[in-house]
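J.: Letter by letter, the chains look like this.
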Amino acid sequence: MHIIEQGHVQPNPWTSVGDSDPLPPQHVLVSLRRFVADHAALQAHGWPVGVVVHPTDPWREHITLLAGAPMIAIVFQTFADGRGYSIARHLRDHAGYRAALWARGDILRDQIYYYRRCGFDVFDVPTGQRPEDLLAGWDDFSVAYQPTTVNPARLGGNAAYDAG
Amino acid sequence: MYQYNEVDHQIVQERVAQFRDQVARRLRGDITEAQFRPLRLMNGLYLQRHAYMLRVAIPYGLLSVAQLRMLAHIARRYDRGYGHFTTRQNIQYNWPKLAEVPDLLADLASVEMHAIQTSGNCIRNVTSDPYAGVAADETVDPRPTCELIRQWSTFHPEFSYLPRKFKIAVTGASKDRAAIAVHDIGLRVRTDAQGELRYDVYVGGGLGRTPMVGVLIREDLPAEHLLSYLEAILRVYNLDGDRENKFRARIKVLVKTLGPAEFTRRVEETWQGLRDGALKVRREELERLARFFTPFPYDSSNAPARDLPSPADEGEASAFARWRQHNTRDHKVAGYRIVVVSLKHPDQAPGDATAEQMELVADLAETYSFGQVRVTHEQNIVLADVPEADLLHLWRHLRDAQLATPNIGTLTDMICCPGLDYCSLANAGSIAVARQIQDHFEDMDYLYDLGELQLKMSGCINACGHHHVGHIGILGINKAGEEFYQIMVGGSPSDDASLGKFLGPAVAQSEVAPAIDRMLQRYLTEREEGERFLDTVRRVGIQPFKESVYAHH
Chain A
636 MHIIEQGHVQ
646 PNPWTSVGDS
656 DPLPPQHVLV
666 SLRRFVADHA
676 ALQAHGWPVG
686 VVVHPTDPWR
696 EHITLLAGAP
706 MIAIVFQTFA
716 DGRGYSIARH
726 LRDHAGYRAA
736 LWARGDILRD
746 QIYYYRRCGF
756 DVFDVPTGQR
766 PEDLLAGWDD
776 FSVAYQPTTV
786 NPARLGGNAA
796 YDAG
Chain B
64 MYQYNEVDHQ
74 IVQERVAQFR
84 DQVARRLRGD
94 ITEAQFRPLR
104 LMNGLYLQRH
114 AYMLRVAIPY
124 GLLSVAQLRM
134 LAHIARRYDR
144 GYGHFTTRQN
154 IQYNWPKLAE
164 VPDLLADLAS
174 VEMHAIQTSG
184 NCIRNVTSDP
194 YAGVAADETV
204 DPRPTCELIR
214 QWSTFHPEFS
224 YLPRKFKIAV
234 TGASKDRAAI
244 AVHDIGLRVR
254 TDAQGELRYD
264 VYVGGGLGRT
274 PMVGVLIRED
284 LPAEHLLSYL
294 EAILRVYNLD
304 GDRENKFRAR
314 IKVLVKTLGP
324 AEFTRRVEET
334 WQGLRDGALK
344 VRREELERLA
354 RFFTPFPYDS
364 SNAPARDLPS
374 PADEGEASAF
384 ARWRQHNTRD
394 HKVAGYRIVV
404 VSLKHPDQAP
414 GDATAEQMEL
424 VADLAETYSF
434 GQVRVTHEQN
444 IVLADVPEAD
454 LLHLWRHLRD
464 AQLATPNIGT
474 LTDMICCPGL
484 DYCSLANAGS
494 IAVARQIQDH
504 FEDMDYLYDL
514 GELQLKMSGC
524 INACGHHHVG
534 HIGILGINKA
544 GEEFYQIMVG
554 GSPSDDASLG
564 KFLGPAVAQS
574 EVAPAIDRML
584 QRYLTEREEG
594 ERFLDTVRRV
604 GIQPFKESVY
614 AHH
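Sequences listed follow chains A and B, in order.
Under my numbering, the first residue of the first sequence is numbered 636, with each subsequent residue one higher.
Under my numbering, the first residue of the second sequence is numbered 64, with each subsequent residue one higher.
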């Protein structure tokens, strides 16, 4: 129902659409399969079309197409499945993806800082969780040791690291 | 040794605050035990048979005396007066109360210590050679590399939920004392002809249910690429490792399933995108870290020719000589010895130390060994820099505190997990069997005649006691509610790494020491001049030992 974007709670403007459903005139969110198969038709939709990526999807095969999406939501089926962190970094650091990157599914307040540092910038608040609880984990750490996709102002260790 | 800067302090303190909040949420009932579990497991806090167990990281096994005194304080204040040094150069406390763990962590933080990533499916405490920096056979001190890896891996956001736990070990000596072949990643550091650091990278070793020896996937990696290469390996593992079956989730299974060539191809491909990025290690950084580990100001007048204090009588002289021979090692500087403090006294569980013993060792390290100690993966403590002239005094103190059992490198210097007495995974006790073996083999002359022997014992298949790489390995199992023990021979964790072979059906608990004794008697008749037990096993095979173990049936 709600998302957290730029540290603020907002209503979710995106509507999920099944693989054979008609496209309503609004922001829609489709599976990677439909995103690839119907790409031309989706372009003609006139509204932004975002894509949901599961770690088991063949995302690497369609990385160029994904890089041009207006929004990607990576699903954490369970918090313990950490593949989403590496997919996010690959999109951000190597595929040149710059638009909104959502974390959705079983996302934990205690991992928010980790998601953020891997390039996620929007959080789809899971049903049953209060957005303010997720926000409580926003800045668990103010420093970090290693450079990743997004870094805090101060990095320890290797003096070559630039915050970015 | 490495000293925290502001960033290190801040990270550890912010971690204490975060964990304090997590514990408070649990104690208030805001979160369930199921929700709390992944949080505490990020912090070395396990729920064991009787209570919580907290594992504290000792990065690459190195401790200052202030840190060792704090470990003693924690044993007394939060536990029952002792701690257990583990096979991964860490320490475990068996009885902390959940509500007090945040205070315990704050105490640790005050001496630059923590419990970060000592459990969970993340990169664990990096381990190394306990004789780093002082071993006569060392080419490069591995500790600056270890510290570089410690920092890179600490709270690495991408690798907090790997398919399974991940262990890295580093050696810089010609003899591998860090068991790099049985780690997820093993690194051998050396210098090339120009004096530049180079790394050989081994991947896919490990013990547990499917023990494997690691394979060399990269030779001569320049130091500037070390972290980007490690990140590439971890990313391939994070994305492609098995997440369906816990028992196939370690990187060793991925390496085996793909084959080393395909695994290496994926790593190299991933690395191409990382090698020239922000992870490039600058020479200045390695030099900065190396400065924390510069050699102590050794006194060359400690040369062996100098008059040494004399033992009081013949008896003391021979006891001291025996200890010096077995519990000390050559130091790279003449006039100094490496001293191994034995935590293998028959009256204590292997690896256990009381608060008083820790404090005594801290005092002795302060007086005799430049204020530092090391913890070994063989579950002993090392005073690495003791002047020859001080050995007698040092030994007297250790002897009086039951810390000088002259058994290092012998059968009774065994590795042993906590077993069924504490661990909720265990199928069988190991401490009682350790005691039985200690009692059975109390004749030191017999032990010395048996020579170099590594006995390693685990109370379950998860192999915390490294039984697969023991010259003799013992694995506890449970048959219809009764504890039995399988015996294996022929393993080694070192340069000649190999996995042991089981001899046959498990024996009853009371039969373990007698069976081992029969096997060793057989060794004495089979061995050739200068042959260790392991060498004899390799030459003649396991059949003679199998016969002797089951000879009484």
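Any given hint could turn out to be false.
[As the list claims (entries may be wrong)] Computed cross-link-like contacts, EDC-like style, restricted to lysine to aspartate or glutamate with a CA-CA straight-line distance of at most 20 angstroms: (1) B:Lys238 - B:Asp255; (2) B:Lys395 - B:Glu377; (3) B:Lys228 - A:Asp716; (4) B:Lys564 - B:Glu545; (5) B:Lys542 - B:Asp580; (6) B:Lys609 - B:Asp558; (7) B:Lys343 - A:Asp728; (8) B:Lys309 - A:Asp716.
[Said to hold, decoys possible] Distance ranges between label pairs, derived from CB positions: (9) B:Ala80 - A:Pro648: 34 to 44 angstroms; (10) B:Thr202 - A:Thr691: 28 to 38 angstroms; (11) B:Arg91 - A:Ala676: 43 to 53 angstroms.
[Unchecked claim] Calculated from the model, a selection of chain B residues having no Cβ within reach of chain A, i.e. all distances over 12 angstroms: (12) His72; (13) Asp93; (14) Pro101; (15) Glu210; (16) Pro220; (17) Gly304; (18) Arg595.
No lab work stands behind these hints, which were simulated from the structure alone.
These numbers were taken from a predicted model, which means no experiment stands behind them.
Ideal Cβ placement from N, Cα and C applies to all residues, glycine included.
J.: Check the structure against each numbered hint from earlier and tell me which ones fail, lowest number first.
T.: 2, 4, 5, 6, 10, 12, 13, 14, 15, 16, 17
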